[in-house]
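K.L.:
Sequence:
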Amino acid sequence: MKSLFVRKLAVLCALIWNAGGPVASAAAQDWQAAVLKVEVVRLDGAREIGSAIVLGNERAVTNCHVLREASSIRVLRGDAVWAASMDTGDEYRDLCFLRVPGFSGLPPPIAEPDAVRVGLPVVAVGYSKGLFGVSSGHVKGLFACACDGGRVIQTSAPFEPGASGGGLFDRQGSLLGILTFKSGSGGDFHFAVPVGWMKQLGHMPPERISGRSTFWESATRDSGYFLVACDHSAKGDWRGLLQVAGAWTQQEPYNPQAWMAWGRAQLNLGGTDAAIKGFRKVLLLDATHEEAWWELQKLEVDLGRSLTHAED
Numbered sequence: 001m002k003s004l005f006v007r008k009l010a011v012l013c014a015l016i017w018n019a020g021g022p023v024a025s026a027a028a029q030d031w032q033a034a035v036l037k038v039e040v041v042r043l044d045g046a047r048e049i050g051s052a053i054v055l056g057n058e059r060a061v062t063n064c065h066v067l068r069e070a071s072s073i074r075v076l077r078g079d080a081v082w083a084a085s086m087d088t089g090d091e092y093r094d095l096c097f098l099r100v101p102g103f104s105g106l107p108p109p110i111a112e113p114d115a116v117r118v119g120l121p122v123v124a125v126g127y128s129k130g131l132f133g134v135s136s137g138h139v140k141g142l143f144a145c146a147c148d149g150g151r152v153i154q155t156s157a158p159f160e161p162g163a164s165g166g167g168l169f170d171r172q173g174s175l176l177g178i179l180t181f182k183s184g185s186g187g188d189f190h191f192a193v194p195v196g197w198m199k200q201l202g203h204m205p206p207e208r209i210s211g212r213s214t215f216w217e218s219a220t221r222d223s224g225y226f227l228v229a230c231d232h233s234a235k236g237d238w239r240g241l242l243q244v245a246g247a248w249t250q251q252e253p254y255n256p257q258a259w260m261a262w263g264r265a266q267l268n269l270g271g272t273d274a275a276i277k278g279f280r281k282v283l284l285l286d287a288t289h290e291e292a293w294w295e296l297q298k299l300e301v302d303l304g305r306s307l308t309h310a311e312d
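132 is the number that this note's numbering gives to position 132 of the sequence shown; each next residue is one higher, with no gaps.
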């Protein structure tokens, strides 16, 4: 058992090293060809910066919240500028399509939904604060929403306002998700909606977007336990997290992320044994869950140190 943990620890260390290192598998110009800058002037005269993914055939996709109450929209790539108009979309899922007459560009390759897993090294690409940026990290969690077509992705690859509508890619350049929102409390709480939603919407009959708010703008249990859980985690409210995670594990006992939240809450409240049980439960449900493996490695090391000091 110990040798298995050592091997896992070595793999995880390599994963974390690679996730934090420079992006080597795709050149910066390739990312920039796939991700456009979006400039919006609102009805009240306010200006909004966002990002968009090239879809080809004079189309792009971005977040609906970027386009709200737009009086004019344009997309930019380098010094080139194109006027754009809102096409169709789904405000609840926060994905809207743009029509960009005269624009030509090739879409990035799209990853299969099952290609995304916790621990996967990823790259976030977008126009954070209006400036093109590429950051690396890894997938921290996968969460179900009241939407078919894939799971919301939590990533440690950071991005700032302006990157909304940009892309979350694997290291080979395949699109995994659309950058959408981040926690105002900081930390590794950056989220992308899955490309499955985009593909699903693309096959639906055209219809104008509704005026509903997005699934993430009101963090309630109705829109997903994970939103409330992540909010408590970002704020370091471990008792609040434990309460939510307790209800979450009862409601969704086969959801590894529910048990991950429960284990983290227990760990930060001093319940080491309960935390270990929680992380082991995660691995029973998802043996590839790198975050749960990593937490168990750290606990094993800490417990080993404690035993050594006790013997001394």
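Heads up, some of the hints might be wrong.
To be verified - Here are the simulated lysine-lysine pairs, BS3-like style, with alpha carbons at most 25 Å apart:
1) Lys-129 x Lys-235
2) Lys-298 x Lys-235
3) Lys-298 x Lys-281
4) Lys-298 x Lys-277
FYI, nobody ran anything at the bench for these hints, they're computed from the structure. As the structure is a prediction and not an experimental result, all values here were calculated from the model.
K.L.:
Each hint: holds or not?
P.N.:
How the hints compare with the structure:
no. : hint              : verdict
1   : Lys-129 x Lys-235 : holds, 24 Å
2   : Lys-298 x Lys-235 : holds, 22 Å
3   : Lys-298 x Lys-281 : holds, 17 Å
4   : Lys-298 x Lys-277 : holds, 14 Å
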